[in-house]
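Enquirer: Each chain, written out:
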Amino acid sequence: MKSLRMSYLVAGLGGVGFFAMSVLLLGVWPGRVLEEETRRTSPKNPLALTVSEKRGRQIYAREGCAYCHTQQIRQLDADTVRFGKSTAVWETQFDYPHLWGTRRIGPDLSREGSLHSEDWQLTHLYSPQAVVPDSVMPAFPALFDGAPDRPLQGARDVVTYLAGLGYARALAEPEIALKKTSGPPANGDDAYAHNCAGCHGPHGEGDGPAAAGLSPKPANLVEHEYTEAHVITVLERGIRGSSMQAWRGLPHHDIAHTVRGFYRPVREPAPPPAIRDLGKQVYADHCAQCHGENGDGKGSAAPEVRMAPTDFTSERPTPAETLRALRQGVAGTPMAPWNTKLSEAELSAVAYYVRGFYR
Amino acid sequence: MLFVAVLFGIFASAEMWKPELSGGIAALTWGRLRYDHTQGILFGWLGNAFFAFLYHAVPILTGRPVTSNTLGRWMFGIWNFAIVIPGWTLVLAGFSQPLEWAEFPVVVDIFVVLALLLALIQFLPVFFKDGLEDTYVAGWYVIGGLVFTTLSYPMGNFVPEFLPGARGAAFSGLWIHDAVGLFVTPLALAIIYYVIPASTGRPVYSHFLSMLGFWLLFFLYPLNGTHHYVFSVIPMDAQKGAILASSLLGVDVIIVVANLFLSLRGTGWFARDLPLRFVATATMFYLIVSIQGSLQAQMAINGTVHFTDWVIGHSHLAMLGFATFAAAGGLTHAWRKMPGARFNPRAVEWAYWLITTGLLLMFVDLTAAGLIEAREWKAQTPWIDSVRAVRGYWIFRTATALPITAGFVALLAGLLTGDRVGESR
Chain A
1 MKSLRMSYLV AGLGGVGFFA MSVLLLGVWP GRVLEEETRR TSPKNPLALT VSEKRGRQIY
61 AREGCAYCHT QQIRQLDADT VRFGKSTAVW ETQFDYPHLW GTRRIGPDLS REGSLHSEDW
121 QLTHLYSPQA VVPDSVMPAF PALFDGAPDR PLQGARDVVT YLAGLGYARA LAEPEIALKK
181 TSGPPANGDD AYAHNCAGCH GPHGEGDGPA AAGLSPKPAN LVEHEYTEAH VITVLERGIR
241 GSSMQAWRGL PHHDIAHTVR GFYRPVREPA PPPAIRDLGK QVYADHCAQC HGENGDGKGS
301 AAPEVRMAPT DFTSERPTPA ETLRALRQGV AGTPMAPWNT KLSEAELSAV AYYVRGFYR
Chain B
360 MLFVAVLFGI FASAEMWKPE LSGGIAALTW GRLRYDHTQG ILFGWLGNAF FAFLYHAVPI
420 LTGRPVTSNT LGRWMFGIWN FAIVIPGWTL VLAGFSQPLE WAEFPVVVDI FVVLALLLAL
480 IQFLPVFFKD GLEDTYVAGW YVIGGLVFTT LSYPMGNFVP EFLPGARGAA FSGLWIHDAV
540 GLFVTPLALA IIYYVIPAST GRPVYSHFLS MLGFWLLFFL YPLNGTHHYV FSVIPMDAQK
600 GAILASSLLG VDVIIVVANL FLSLRGTGWF ARDLPLRFVA TATMFYLIVS IQGSLQAQMA
660 INGTVHFTDW VIGHSHLAML GFATFAAAGG LTHAWRKMPG ARFNPRAVEW AYWLITTGLL
720 LMFVDLTAAG LIEAREWKAQ TPWIDSVRAV RGYWIFRTAT ALPITAGFVA LLAGLLTGDR
780 VGESR
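Going down the list, the sequences are from chains A and B. All residue numbers for the first sequence refer to this note's numbering, where the first residue is 1 and numbers rise by one. All residue numbers for the second sequence refer to this note's numbering, where the first residue is 360 and numbers rise by one.
Hints are supplied without guarantee of correctness; some may be wrong.
With the Cβ distance kept under 8 Å, some of the chain A side facing chain B (calculated, not the full set) [as the list claims (entries may be wrong)]: (1) R103; (2) P107; (3) D134; (4) L250; (5) H253; (6) V305; (7) Y352.
Quick list of simulated restraints, FRET-style, between CB atoms [said to hold, decoys possible]: (8) B:M643 - A:A212: 34 to 42 Å; (9) A:A186 - B:A765: 37 to 45 Å; (10) B:T448 - A:A212: 47 to 55 Å; (11) A:T41 - B:P484: 29 to 37 Å; (12) A:L49 - B:I480: 53 to 61 Å; (13) A:D149 - B:D596: 49 to 57 Å; (14) A:P202 - B:S606: 35 to 43 Å; (15) B:P562 - A:K54: 24 to 32 Å; (16) A:G241 - B:R750: 31 to 39 Å; (17) B:R750 - A:A212: 37 to 45 Å; (18) A:K54 - B:P513: 19 to 27 Å.
None of these hints come from the bench; they were simulated from the model. Heads up, the beta-carbon is just placed ideally off N, CA and C, and yes, glycines get one too.
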């Protein structure tokens with residue numbers, strides 16, 4: 001009996017010992033290793049979270065975002081091809097508590113910062129289904145004052161937090177950017193309906209449910225003629241400074257076909273040569289520095305403006321659309337209205353002229 | 360409590376294919392419901408059910424009453440009115456931690472630790488009064504479960520608030536598994552080990568195997584946690600160690616289950632007694648879910664199914680198939696011994712079939728969904744394709760809640776209607 005009692009004592013201590021061992025081996029020791037690795041690999045001045053980012057992070061934690069979105073890119077091709085290089089320890093050094101997550105209903109967000117513009121994020125947070133029609137992400141209108149372009153502090157904080165995700169890593173390793181891949185052939189109409197219609201509208205008129213909160217507004221595809229190469233380039237790269245993102249994994253060729261199909265050509269009589277000359281003059285005086293001598297969008301001032309000026313050789317708005325852009329400007333872009341600076345005659349002359357660059 | 364937790368689950372599952380269901384009300388969005396669903400199952404249902412069973416079993420196992428009745432009322436009060444209900448409310452109001460199986464905010468965690476300490480005082484001293492030589496294996500599981508839960512709870516609930524990122528995650532991983540392995544599993548096994556001999560009238564097949572299984576379980580379980588973060592930055596050796604422990608655990612479970620089934624052999628357990636049938640079925644699910652667990656810890660499989668609905672299927676098999684069946688068996692068993700209690704075998708029979716059907720359908724459905732997601736992710740199709748591909752499965756999953764919930768209603772009816780069967784004093 002005594003020996004039995006002893007053996008239970010030993011086993012009992014052993015049990016507690018094993019538990020302690022588990023904590024040491026799988027908790028404390030890895031902690032040490034990770035701390036050391038952080039010290040070794042972290043950039044000199046790691047970017048700590050700003051106050052707004054911290055608040056955004058709290059909302060992210062509170063709303064269970066981490067239960068649909070991981071922030072942990074595994075060392076596996078399936079992860080790294082899609083999301084970029086696997087997560088490094090030092091990237092997580094300011095995460096109290098960590099937000100790694102164990103389930104992906106939505107994509108990993110470790111590198112979300114560079115993927116979308118602010119107006120995209122706000123509109124998406126206000127109503128994910130407006131932007132991505134099949135999304136199952138919950139909407140968070142409580143963070144807004146009734147509209148996607150009227151964010152309350154909470155929404156601003158979340159979007160600031162999202163914008164910072166992956167930023168430190170991108171600074172440390174600029175080559176971290178993803179490979180752009182174009183998916184296998186598929187039905188372009190279908191791909192358009194599921195990915196583009198939320199912004200560009202079901203018929204390409206730029207009037208999708210997400211359009212209201214975006215600036216600049218989604219392009220009206222009915223009013224624009226694009227070369228195939230242009231659409232493919234836009235899909236591969238996205239448009240800097242707008243909510244138009246780069247699209248990976250989609251069949252770019254087939255979608256280009258759908259997009260070009262929306263365009264409704266308009267017949268336009270050729271104007272007298274005098275008007276042609278006036279247009280040429282106005283263009284050289286006022287437009288070429290941005291849109292380029294040859295209308296290719298590569299004017300001398302182009303590198304300085306926030307968004308790439310339109311390349312008229314691969315994109316042609318209808319006459320009405322051109323005039324509208326000239327009179328009202330393009331909201332949310334550096335393209336200012338010209339109606340106060342140019343006469344009506346000059347406007348229609350230059351509108352005609354820019355449409356002549358298209359090849 | 361069970362019903363509330365299940366309702367949280369159903370709403371959350373429905374919002375997964377119809378997100379506008381929350382009506383834009385922050386408290387009803389998916390994230391908060393998801394927190395309350397799992398915490399409700401853990402504390403509201405399983406915690407209450409386990410403690411209730413302990414009040415029945417501990418006095419019989421030790422031949423002595425538990426420490427104090429007053430303490431018992433306090434424990435009940437704290438558990439439900441300082442933990443479950445405030446926890447739920449705070450989460451809905453936006454106070455929580457984004458840590459799995461630890462979503463209740465830190466304030467509530469303090470009460471959990473308090474309640475666990477009280478539980479130690481309540482249930483353990485009686486075991487030590489006569490020394491441990493004669494302690495039956497169910498008693499061992501009770502002791503082990505309560506002690507180790509108390510030890511590991513702070514690890515998952517407090518530590519990650521103070522250690523950043525990957526370092527905190529290493530501790531979270533441990534707790535994710537300890538919640539299941541050191542709280543739910545031992546107490547469910549205690550019920551199984553108790554109910555089987557109590558209703559068959561025969562001792563378990565081998566006391567040696569029982570004890571072997573017990574000690575291996577407590578040696579191996581704590582070492583499993585890191586398998587939740589395979590292919591992460593946590594040092595590879597820790598990951599590999601956890602994977603090895605996960606494999607060995609599979610072996611241990613085979614020992615435990617073999618012993619249990621050898622004890623059941625020839626007893627006609629299926630037709631004999633409903634509580635017995637629940638616990639025997641729980642044993643079966645335990646075997647399946649553990650072997651599945653050992654397999655999915657292996658790197659090749661983990662790389663594919665991790666982050667998918669496959670894992671959600673696994674956890675329902677564990678919490679609903681294993682733990683809930685054991686708890687239902689334990690509760691019905693204890694209930695029938697209560698003076699003046701009613702029991703309606705037909706309702707309980709219905710409950711058994713409804714829950715079993717619902718669970719199996721849900722499990723198959725989620726596993727398939729997980730495989731489809733994994734395939735889409737590997738093919739590098741746009742993310743939304745993986746969401747669209749499983750939408751139908753998500754709708755079906757919500758539909759499986761119907762038989763499961765009906766089963767729980769039947770179970771409740773089984774305990775409240777029918778003839779008075781309880782032994783009168």
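Enquirer: Each hint should be assessed against the structure and marked as holding or not.
Expert: Hint check results:
| no. | hint | verdict |
| --- | --- | --- |
| 1 | R103 | holds (6 Å) |
| 2 | P107 | holds (5 Å) |
| 3 | D134 | holds (5 Å) |
| 4 | L250 | holds (6 Å) |
| 5 | H253 | violated (15 Å) |
| 6 | V305 | violated (31 Å) |
| 7 | Y352 | violated (40 Å) |
| 8 | B:M643 - A:A212: 34 to 42 Å | violated (55 Å) |
| 9 | A:A186 - B:A765: 37 to 45 Å | holds (42 Å) |
| 10 | B:T448 - A:A212: 47 to 55 Å | violated (36 Å) |
| 11 | A:T41 - B:P484: 29 to 37 Å | violated (51 Å) |
| 12 | A:L49 - B:I480: 53 to 61 Å | violated (43 Å) |
| 13 | A:D149 - B:D596: 49 to 57 Å | holds (51 Å) |
| 14 | A:P202 - B:S606: 35 to 43 Å | violated (53 Å) |
| 15 | B:P562 - A:K54: 24 to 32 Å | violated (60 Å) |
| 16 | A:G241 - B:R750: 31 to 39 Å | holds (34 Å) |
| 17 | B:R750 - A:A212: 37 to 45 Å | violated (26 Å) |
| 18 | A:K54 - B:P513: 19 to 27 Å | holds (25 Å) |
Hints 5, 6, 7, 8, 10, 11, 12, 14, 15 and 17 from the earlier list are contradicted by this structure; the remaining hints agree with it.
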